Amino acid sequence: MSRFRAGVLALLLTCAIGPSSATAQESEPSAETTATQEAEAPTEEADDRSALTDPEEEALDALAAEVASGLRCPVCRNQSVVESNAELSREMQAVVRDRLAAGETPEEVEAYFVSRYGEWILLQPQARGINLLVYGLPALALIVGFFIARKLLHKWTGAADGAVPADGSPDLAAEDEQWLREALRES
Amino acid sequence: MKKKQLRWLLPLVAVPILWLLYWGMGRDTYVLPSPMAGLPAPDFELVTFDGDTLHMADLQGKVVILNFWASWCIPCRTEHPVLVQTERTWDDSEVVLLGVVYQDSRANAERFLAEFGGDWTHVLDPSQRTAIDYGVYGVPESFFIGTDGTISLKKVGPVTWDLVRYQVDSLLAAPVATAGAASTGGAP
Amino acid sequence: MLNLIGSVSIAAALLGALAATVTGIVGGYTRKPVLIRAARYSTYFVFFAMSAAFIAMEVALLTHDFSVKYVARVGSLETPTYYTAISLWSSLEGSILFWGWILAAYGALVAFVNRKSDSRLIPFAEGVMGFVGLFFYGLLAGPANPFGEVFPVPANGPGPNPLLQNHPLMGLHPPMLYLGYVGLTVPFAFAIGALLSGKLDEEWIRATRRWTVAAWAFLSVGIVGGAWWSYEVLGWGGYWAWDPVENASFLPWLTATAFLHSVMVQERRGMLKTWNLSLIIGTFLLVLFGTFLTRSGILDSVHAFTEGMIGPIFLAFIALIMVLSLVLIAWRSDRLHAPGSLDAVVSRESMFILNNLFFVAFTFTVLLGTTFPLIVEAVNGNRVSVGPPYFNMVSIPLGVLLLFLMGIGPALPWRRTSPEKLKRTFIVPSAVGLAAGLLGFALGTRSVWPLVTFTFAGFVSATIVEEFRKGVKARMRIANVSAPVALGQILTRNNRRYGGYIVHAGIVVIIVALALSGTYRFEREVTLRQGELMQLGDYGVMFDELWAEEQPQRFVVGGTFSIFHRGDPAGTMQPSMNYYPNSQQPIGTPAVRSTLKEDLYLTLMAFDEAQGSHATVRAIVNPAVPWLWIGGMIVALGAILAVMPQRGSGRPAVSATVIASEEESAELVEEPTAVPV
Chain A
1 MSRFRAGVLA LLLTCAIGPS SATAQESEPS AETTATQEAE APTEEADDRS ALTDPEEEAL
61 DALAAEVASG LRCPVCRNQS VVESNAELSR EMQAVVRDRL AAGETPEEVE AYFVSRYGEW
121 ILLQPQARGI NLLVYGLPAL ALIVGFFIAR KLLHKWTGAA DGAVPADGSP DLAAEDEQWL
181 REALRES
Chain B
1 MKKKQLRWLL PLVAVPILWL LYWGMGRDTY VLPSPMAGLP APDFELVTFD GDTLHMADLQ
61 GKVVILNFWA SWCIPCRTEH PVLVQTERTW DDSEVVLLGV VYQDSRANAE RFLAEFGGDW
121 THVLDPSQRT AIDYGVYGVP ESFFIGTDGT ISLKKVGPVT WDLVRYQVDS LLAAPVATAG
181 AASTGGAP
Chain C
1 MLNLIGSVSI AAALLGALAA TVTGIVGGYT RKPVLIRAAR YSTYFVFFAM SAAFIAMEVA
61 LLTHDFSVKY VARVGSLETP TYYTAISLWS SLEGSILFWG WILAAYGALV AFVNRKSDSR
121 LIPFAEGVMG FVGLFFYGLL AGPANPFGEV FPVPANGPGP NPLLQNHPLM GLHPPMLYLG
181 YVGLTVPFAF AIGALLSGKL DEEWIRATRR WTVAAWAFLS VGIVGGAWWS YEVLGWGGYW
241 AWDPVENASF LPWLTATAFL HSVMVQERRG MLKTWNLSLI IGTFLLVLFG TFLTRSGILD
301 SVHAFTEGMI GPIFLAFIAL IMVLSLVLIA WRSDRLHAPG SLDAVVSRES MFILNNLFFV
361 AFTFTVLLGT TFPLIVEAVN GNRVSVGPPY FNMVSIPLGV LLLFLMGIGP ALPWRRTSPE
421 KLKRTFIVPS AVGLAAGLLG FALGTRSVWP LVTFTFAGFV SATIVEEFRK GVKARMRIAN
481 VSAPVALGQI LTRNNRRYGG YIVHAGIVVI IVALALSGTY RFEREVTLRQ GELMQLGDYG
541 VMFDELWAEE QPQRFVVGGT FSIFHRGDPA GTMQPSMNYY PNSQQPIGTP AVRSTLKEDL
601 YLTLMAFDEA QGSHATVRAI VNPAVPWLWI GGMIVALGAI LAVMPQRGSG RPAVSATVIA
661 SEEESAELVE EPTAVPV
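Listed in order, the protein sequences are those of chains A, B and C.
The opening position of the first sequence corresponds to residue 1 in this note's numbering, with each subsequent residue numbered one higher.
The opening position of the second sequence corresponds to residue 1 in this note's numbering, with each subsequent residue numbered one higher.
The opening position of the third sequence corresponds to residue 1 in this note's numbering, with each subsequent residue numbered one higher.
Errors might be hidden in some of the hints.
[To be verified] Here are the simulated DSS-like cross-link-like pairs (lysine-lysine), alpha carbons at most 27 Å apart as the crow flies:
no., chain 1, residue 1, chain 2, residue 2
1, C, K470, C, K199
2, C, K470, C, K421
3, A, K155, C, K421
4, C, K32, C, K69
5, C, K116, C, K199
6, C, K421, A, K151
[Claimed, not checked] Some chain A residues flagged as far from chain C (calculated, every beta-carbon gap over 10 Å):
no., residue
7, P55
8, E104
9, P106
10, E107
11, E108
If you are wondering where the hints come from, they were derived from the structure by calculation, not from laboratory data.
Predicted model, so just to flag it, every value in this text is computed and none were measured.
Positions of the beta carbon are idealized from the N, C-alpha and C atoms, including for glycine.
Excised from the complex, chain A in its bound form (with noise of 0.2 Å):
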């Protein structure tokens, strides 16, 4: 493993000489930091969670990644906390899944990450107040330039029921042509 311990040396000098940025809040450590701190945190995880698991428990893994696949991810711009390896997400998920284990309903658990982040944490809005628009307007939408278009196709066919325009379209010639290739079809 001293290939593995140069490297990783390696990787620490790249990022101390690396810029650093300087935005009014900063929301995961580097490299650097991440490195040096899952080298102190100790590998009880590896036990804890083995490869070997029982049905029930991946049920509540699954149900957990359910819950937070609609859990917005609060350091990465636009991930779910299920997608993100951010060491937050990983967290937020090992809460989402000791809530359900404790017995809390879905409902229960996005209910508290809304009381502590926001509804922001959702990543679907809330079926009340004024994100109801969000759900009404395109079945609004569907509905009027349904009742448009039936409209305008009716007005349309009728409008053909009496003779074809003299004036017509400028492929009448064509359109005709179809029209007896039709007819000769049928027959």
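With the hints as your guide, set chains B and C onto chain A.
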């Protein structure tokens, strides 16, 4: 007739969108309001560098500034002198400054404190559970908590001395905390 | 030196674009040959000037000339040459330069191809493209100038954004997207040209049909390529996150697709003139909107490059285009009125109208969802998020409806049909569709939407096969040739129609792959000790060792995992984490093992830094994902076929007296008369 509706549809959809976008450019997408202002500060159980266990309830009756920070965080360095001054200005019996070390090791944090000073109490939050409980996005973030244990303000990003003085003075003056309407900013 | 060449070239392009705008529009009105020629040569000139700027920037990048502002921003001596060359589009100024160059190239190509045409539209279109160019070259000359001088000259730079130098697809996906985006300027320019000139018949549509199909194909490939890139780089095993910037590329795709269909109604029946103009103008506005989203940083997005002054300027340009277009449409409204008339509700025409309704509703929905956080914040100051759960919920039903129409529309004849014929057309496809749905059920699918998707996909596939069968049979009879020859002949003689069917087939493949991967994906995240094995479906994943490698521009830590498929050794996989000096977080490189059935996708999540004795890995089994890329390629193939010049074009327009046989005439009628490109 479709045409007539169309003529109105485009401006009807487009003008509000343009206005929105114009408005939207003026704001900072990083600043997020906290829903916790005005609510009781969640309890925690954290271990100090000295090995003592500390609960939120232990601090009842005092004004508390809960400061999430880390040694790897550059803005925390800007903020640090303000915290040093805070510690110097008020007595521990009135105002408690409590540093919560976020995503960092004790060794790193102590090295930082040795370099920049600051001997107020610090606790470790290795599981980040307290950070999540307080809805922390990143560091630094500071919570101003009244004597009754109610959060009056959450400040995202480095605090300024004006903000700290104003917040602490008003919390000391009015024991029943007035829920901060604005959850960020707040300096007079 | 390069700073000077670049800045002068851009100034020259700006002047050229001004000249093209003035001479194009004045020449269009006065029909003075000297002005028309001047517009053409100005358009050529803009292209040469922009090419000079483009080449100057590439030379600056490749020679690491850090005195050039943009190079100092994105270049670094350690970045591999390939990524240095493509870092042109890794940051704001460079991407606008690239955009401007493509715009200039499209303009020159339009001018060159039509140099002998005496159509009234051409100078107008050149003028409009010049006008759009004014905006982009103006940005490059002013607020987004990539050629600014840096003094003192730095010895090295930070290199491009690590996410954008982590996968070779970065060399493909943005250019495709830009070619699509910018290509849509061509039909827009002709549409505005039609409005300006008052020549509002079908000419502008015919003249731009192939341009539009080509731009649409580039955009499609760009979108699929972007999905592929996300999949290979971002490490969460997904390909589409409904990120605002992804939506921004999807929105014009939706309206452009609607446009490609609805123009057929106008070509054939002279209807929907205002609608088609509005659709292409709306598409162009959405292109600008999408560019604005990525440049303004207004919405949270992983892809956006935020920059101060660009946003407001962009917004002003969008508003200007919108106002000018509306004024033009209002001004020409008397000439746009075309009495609509249809023979029957059950006809291909009305299917196109429904198709447009769904596409526009889809566009509206995605636009609403993308901007909704802003709306809420403007109204009551709350912050909400609208993410994948919302978009999936609303887009699946709309997508399924469109899939259904894709089966009905092409199989219905124009004008009218009879109930018996209807029955004959749809009985086999319906049976195939039902069979596909039942097969899905038998294989264990119990969710509603996937079952509906499989059913409709079967239905659509059967109608496509049926169309091909009919075409081949008719051709065999008329030309007396064998089936393969007949197939070749219908593909080349009626490439627009059959190319379109191939595109449809590609879309079906993509939709089915989306349904399968969305429904059957499963994953596990486990920390493994060295030599430890975990099971995931048919796969076994064993952690062998960790390794580390120092590369000039980054430091890589990777894990080697042995893979077993149903117990048999199936090679190794090496997901890694890359540490870049200018990134706070490591950028992962997932490892993907693809088969036609499914992908095994490994991401290294964490590792034991001291000993290398354990690693946390996320393993995902992603069914059918390779079919997304295959479907994308089918779409591209179909589109290429559809834009090929028609063999034997220049064939005289059909007259009612020439009816060689029913099918032959049908085939001729299907194509509008020879297209002036």
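Going down the list of hints, with the structure as the test:
no.: 1; hint: K470(C) with K199(C); verdict: violated (38 Å)
no.: 2; hint: K470(C) with K421(C); verdict: holds (14 Å)
no.: 3; hint: K155(A) with K421(C); verdict: holds (25 Å)
no.: 4; hint: K32(C) with K69(C); verdict: violated (44 Å)
no.: 5; hint: K116(C) with K199(C); verdict: holds (19 Å)
no.: 6; hint: K421(C) with K151(A); verdict: holds (26 Å)
no.: 7; hint: P55; verdict: holds (13 Å)
no.: 8; hint: E104; verdict: holds (20 Å)
no.: 9; hint: P106; verdict: holds (13 Å)
no.: 10; hint: E107; verdict: holds (14 Å)
no.: 11; hint: E108; verdict: holds (18 Å)
Violated hints, in rising order: 1 and 4; the structure is consistent with all others.
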